[in-house]
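A.B. asks: Residues per chain, in single letters:
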Amino acid sequence: MQNIWKCFPGVQANRGVDLCLLPGEIHALLGENGAGKTTLMSILAGMYRPDKGKIILKGQAVAFNSPQDAMAKGIGMIYQHFMLVPRLTVAENIILGDKRYPFWIRKKQLKTEVEKTIAHYGFQLDPDKKVSGLSLGEQQRVEILRALYRKSEVLILDEPTAVLTPGEARELFTILRQMADEGRAVILITHKLNEVMAVADRVTVLRKGEVVESLPISRVDSRSLTRTMIGRETRTNYRKLLEKDGSVALKVEALQVAGDRGELMVKGINLEAREGEMVAIAGVAGNGQEELLQALAGMRRATAGRVFLQGSDITRLTVRELLQRGVRMIPEDRMHTGLVGNLGVAENIILRDYQSPAYSSKTLLKSKHIDQVAKSLVERFTISTRDLISPIRLLSGGNLQRLMLARELLPKPALLLASYPARGLDVGAAEHVYALLDEARSQGTAILAVMEDLEEILQHADKVAVMYNGRLSPLIPTGEAAMDQLGAWMAGIDWPQEASPAVS
Amino acid sequence: MPFHLVRRQESGMGIRIMVPLFSVLLSLLAGAVLLWLYGHSPLIVYESMLKSAFGSYYGFSETLVKAIPLMLAALGISLAFRMKLWNIGAEGQIYMGAFAASGVALAWGQWSAWVLLPAMILAGMLAGALWAYIPGVLRASLQVNETLSSLLLNYVAILWVDYLVLGPWKDPKGLNFPLTPRFTENATLPTWGDSRVHLGLLAALLLAVILWVIMRRSRWGYEIRVIGESWDAARYAGMNISRNIVLVMALSGALAALAGVFEVAGITHRLQHGLSPGYGYSAIIVAWLGRLNPLAIVPVAVLFGGMLVGGYSIQTEGVPVSIALILQGLVLFFLLGGEVFLSHRLARNDKSEVEG
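Chains as they are written, first to last, in our numbering: chain A, 3 to 506; chain B, 679 to 1034.
You may find that some hints are simply not true.
To be verified - Simulated crosslink set (SDA-like; lysine to any residue; CA at most 25 Å straight-line):
no., chain 1, residue 1, chain 2, residue 2
1, B, Lys762, A, Ile316
2, B, Lys762, A, Pro25
3, B, Lys762, A, Tyr356
4, A, Lys54, B, Ala1025
5, A, Lys364, B, Asn971
6, A, Lys364, B, Trp890
7, A, Lys56, A, Pro25
8, A, Lys377, B, Met893
To be verified - Per the computed footprint, the stretches of chain A lying under chain B, defined by three or more beta-carbons under 8 Å from a beta-carbon of chain B, are:
no., segment
9, 138 to 145
10, 203 to 209
11, 216 to 226
12, 398 to 404
Stated by the list, open to error - If you want the ones that stay clear, here's a sample from chain B, every Cβ over 10 Å from chain A, calculated:
no., residue
13, Ala710
14, Leu712
15, Pro720
16, Leu721
17, Ser739
18, Ser827
19, Leu844
20, Pro868
21, Val904
22, Gly916
23, Tyr959
24, Pro977
25, Glu995
26, Gly996
27, Leu1024
No wet-lab data here; the hints were simulated from the structure.
Even for Gly, the Cβ is constructed at its ideal location relative to N, Cα and C.
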C-alpha cells in the first residue's frame, strides 16, 4: 500500500501511509484507538475507498469497489464484530455470499468440502452445527475458515483476541502461524503489546494516521513500542492504597439474577466491597457480569438473594431510590444506555438527576442552572464539546466516558458500579478515566468494576474476582493474584471449590 | 451508479429546512406529471388551487377551517410520535370525540353555553383519551403493536358513529339522511365574522404553544424525549416507561378528539356520517412535515388546509377532488424518501483517484 490517505469529516484517519506486506509473515499493526489501523485495513479489504494513494498486489495496481472485489483478489478481513448469520449452520455461513455456488446447493457435497478444510487446519468444528450455538472463539474460527475457503492470500484480523480467553487466544496464534507458514500474509490489528511480541514477525506502529515505525520484531521491545505508540512514557501505578480498611459499603448475599430470556445468569453470588476500595470482576463477556451490575443498580430484579448498602437492605429498591442513596453506575453501552446520543451535553448531565430540586421544579426544568452546572463540569472534566446543546453522538469515546463520569461522580457516590470503564478508549483517555476512579476511591467511594483486561485489573484494582458461568471466584487482593490462575478461571479451568465464599 | 451515499456528521438547520421543502417541490412535480397525463395543464390547476385556497378572504377562511382539525390532530400525533409511539388512530379518536360531544349536546341542549360547551369539550377529550388508552395499555402491558391496534380502532369508531346516525340518533325529520338532529344554539361555537372560522382556531394555537413549552422546557417533556430516544437510557434514568406510554397515548387521543368536538360544535352542528374526510390521516403527514415540532405544525396545517380547499375548488374545472389526496400522498412519499438525506449526502464516485 502506497501513500494511502483517508479522511472522514473532521478526522484525517490516514495520512500518507505506506505499508508493505510479505507472504509468509505475521504483521502486527499496532496503535492506539483512533490511530487509523482499522480504517487502513478496511481500505485494503475494499470496505472504504482511499481519498488518495494506491494498493499494489503482486506488482499490479488494484482498486476495490467493494469487499467482494477484495475477496476475489484474495484479501479477507475478519472484523471485531463477526459477520455471521446465527440461524445458519457453520457450512452455510462459510459459503455465504460466495458467488461460485449455484442457487441450489448440494448439502452433502458442501459438507464434505467444508469438513476437508476443517480437518486440514485441525479445527474442532461441526459443519452442521448452528452458529448460534457456538462460543465466540468457535465463531471466530468459522470466520477464519470462510476466509481460507475463499483462498485468501492476505488475512486481516481486527483485534481478534478481544473476545477470547487467554487460552483461546494462544490457540488462535497457533492457527495464524500455520497460515503464515503456508505462505499467506497475516495482518493482526491490535493494541496489546504482549500479543505483538508473542506472535508477530514484523510490527508497524501507527500514530494519528501516520506510520511512525515499521520494524522486524527482533529489533523492538515492549517498552520502546509503548513509547512509539503513545508518543510519550506512560504513568504507571498511581494507585495509593488506603492505610486502613474502610467499613463494608456493599454486601451481596447469594444473589441470583435472571437474564433477558429468563435463564439464570447470576447463580448465587457473595461479594463485599469496602469504602475506598476498588473491586474488579474479571471474566469473558456474557458470563453474567452485566446482569449482576444491572441488578445492583436497580435496573433488573434479583430473583433471589439480598444486597446491603452500608448495612441496610437495598435488594428491592428502584433505580431512583438507589440513586438517592448514592448508588451510581457507568453502563457498558455509552450511547444507548448511559447517554442519549441525540441530546446535548446539558441534557445528558441531568439524565439521572433531572428530578432533583437543583435541576427542576415540580413542572419545569431550571435551564439556566442546568447550563451552569454543565459548563463547570465540562471544564472540570475537560470534555471537549462545541456547546452544550449539539447532539453528543458526535463526541469521541473518551469525551463521552468523561461526561458520564462527570455526571455519576457529581454527588459523591457511596457505591460506583462501572462496566468496562475504559473499553474502547485510547491509552490517554483510559488513564484519565482510571485517575478519576482513583480520585473517587480516595474519597471513600466503593467501586465495583467489571473489566476484561487482566493487566489493567492488576494495575488499578485493589481486589479481583473472576466471574464464570454465573458464579464468582473468591476475591483475591490484586497484589497476591497470579495472572495465570485468573486466566484459567476465566476459561472455567481449575475452578475453585464452591465452599469458599467470596468475602474479603 | 455514479453516486454513493455518505453519512453526514451532522444535519444543520439549513438542510433540515431544505429537505422537506424539496420533498414538497418534488411531490408537486410528480403531481404535475399526473395532471398532464390526465389532460390538464398543471400550471393552471396549481394556480387555481392556490388562488382558491389563499387568494380570497372566503377562500382563506375556508383554508383555516380545514386547518383547525389538522392542527389539533397533528399536535396529538406529534406528542405520541416524539415517544416513538406510532398512534395512527387519530381518525378514530376524532370520531369518538365528536360522538361524545354530540351525546352531551343532544341530551342537555338547553344548558347555558358557558356550561354546555366546556362539558362537550371535556366529554369529547375523555372519549378520545379512552379510545387511545386502549392501544396504550395494550402496548405498555402486553407489547401489542400500537400501530395496528390504533389503526384498527379507527374502523370501529367510524362504524359506531355510522350506527348512531343511521339508527338510534337519526334525525326523525332528516329525510333519512345519516345525521342527528341539529344542536341547539347553546352547543355551537362562536365564529369569526361571517366566516366559518370558529373558536377552535384560538384553542389550537394556544395548545401548540403549550405543547412546545411542555416538550422543550418541562420535566415531563424531557422524560418523553429521553424515552423516545432510548428505552434503556430511560430505564437507567429511573423513568417509568409504561406509565408514560399510557399517559402520552391518552393525551394524544384527547387532542385528536378535540378536533372532532370542534367539527361538530363549530362546523356541522350535528353528528353525521363522513364527519372527517380523513383529517386523522392527513394529520400524520402534517405532523411529520412539521418535524414533530408543535410550532411548525401550525403553518404546515394551514398549507394542507389550503391543499384540501384547492382540491375541492378545481372540481369545477373537471379535475377530480382526489388530486388533492394524491398530492398529500405524494408529499408523504417524498418526505419519507427524503429522510435519508438528513443523515446522508450524495457523493460522486471518483474512480480516477482510486486508481491513481
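A.B. asks: Now tell me if each hint is right for this structure.
C.D. replies: Against the structure, the hints:
1. Between B:Lys762 and A:Ile316 the CA atoms are separated by roughly 33 Å; this puts the pair beyond 25 Å, and the hint is violated.
2. For the suggested pair B:Lys762 and A:Pro25, the alpha carbons sit about 53 Å apart, so the restraint of at most 25 Å is broken.
3. Between B:Lys762 and A:Tyr356 the CA atoms are separated by roughly 21 Å; this keeps the pair inside 25 Å, and the hint holds.
4. Restraint check for A:Lys54 and B:Ala1025: satisfied, since their Cα atoms lie roughly 16 Å apart, inside the 25 Å limit.
5. For the suggested pair A:Lys364 and B:Asn971, the alpha carbons sit about 24 Å apart, so the restraint of at most 25 Å is met.
6. Straight-line distance between C-alpha atoms of A:Lys364 and B:Trp890 comes to about 18 Å, which keeps the hinted pair within the 25 Å bound.
7. Between A:Lys56 and A:Pro25 the alpha-carbon distance is near 19 Å, which keeps this suggested pair within the 25 Å criterion.
8. Distance check on the hinted pair: A:Lys377 and B:Met893 sit about 23 Å apart at the alpha-carbon level, within 25 Å; holds.
9. With a threshold of 8 Å between beta carbons, the proposed coverage of the segment 138 to 145 of chain A by chain B is violated, since 0 of its residues qualify and at least three are required.
10. For the segment 203 to 209 of chain A, the stated coverage by chain B is violated: 0 residues have a C-beta nearer than 8 Å to a C-beta of that chain, whereas at least 3 were required.
11. Coverage of the segment 216 to 226 of chain A by chain B is violated. Counting CB-CB distances below 8 Å, 0 residues qualify, and the rule asks for three or more.
12. Look at the segment 398 to 404 of chain A against chain B: 0 of its residues bring a Cβ nearer than 8 Å to a Cβ of that chain, fewer than three, so the hint is violated.
13. With a least CB separation of 36 Å from chain A, B:Ala710 remains clear of the 10 Å interface cut-off, as annotated.
14. The beta carbon of B:Leu712 is kept farther than 10 Å from every beta carbon of chain A, the shortest such distance being approximately 37 Å.
15. Non-interface call for B:Pro720 relative to chain A: holds, since the shortest CB-CB distance, roughly 39 Å, exceeds 10 Å.
16. Every Cβ of chain A is farther than 10 Å from the Cβ of B:Leu721; the closest lies at roughly 41 Å, confirming the non-interface assignment.
17. At the 10 Å boundary, the C-beta of B:Ser739 stays outside the reach of chain A, the nearest C-beta of that chain being 37 Å off.
18. Listed as outside the interface, B:Ser827 is consistent with that label: its C-beta sits roughly 25 Å from the nearest C-beta of chain A, beyond the 10 Å cut-off.
19. For B:Leu844, the shortest C-beta to C-beta distance to chain A comes to about 46 Å, beyond the 10 Å cut-off, and the non-interface label holds.
20. In this structure B:Pro868 is separated from chain A by more than 10 Å, as the shortest Cβ-Cβ distance comes to about 31 Å.
21. The beta carbon of B:Val904 is not kept farther than 10 Å from every beta carbon of chain A, the shortest such distance being approximately 6 Å.
22. A cut-off of 10 Å between C-beta atoms contradicts the statement that B:Gly916 is not in contact with chain A; the least separation is 4 Å.
23. Against the 10 Å criterion, B:Tyr959 stays outside the reach of chain A, whose nearest CB is about 28 Å from its own CB.
24. Here B:Pro977 stays apart from chain A, with its beta-carbon at least about 24 Å from theirs, past the 10 Å limit.
25. For B:Glu995, the condition that its CB be more than 10 Å from all CB atoms of chain A holds, with the nearest at approximately 47 Å.
26. Every CB of chain A lies more than 10 Å from the CB of B:Gly996, the least distance being 48 Å, so the non-interface label holds.
27. Chain A leaves B:Leu1024 outside its interface by the beta-carbon criterion, the shortest separation being 14 Å against a cut-off of 10 Å.
In summary, the structure is inconsistent with hints 1, 2, 9, 10, 11, 12, 21, 22 from the numbered list given earlier, while agreeing with the others.
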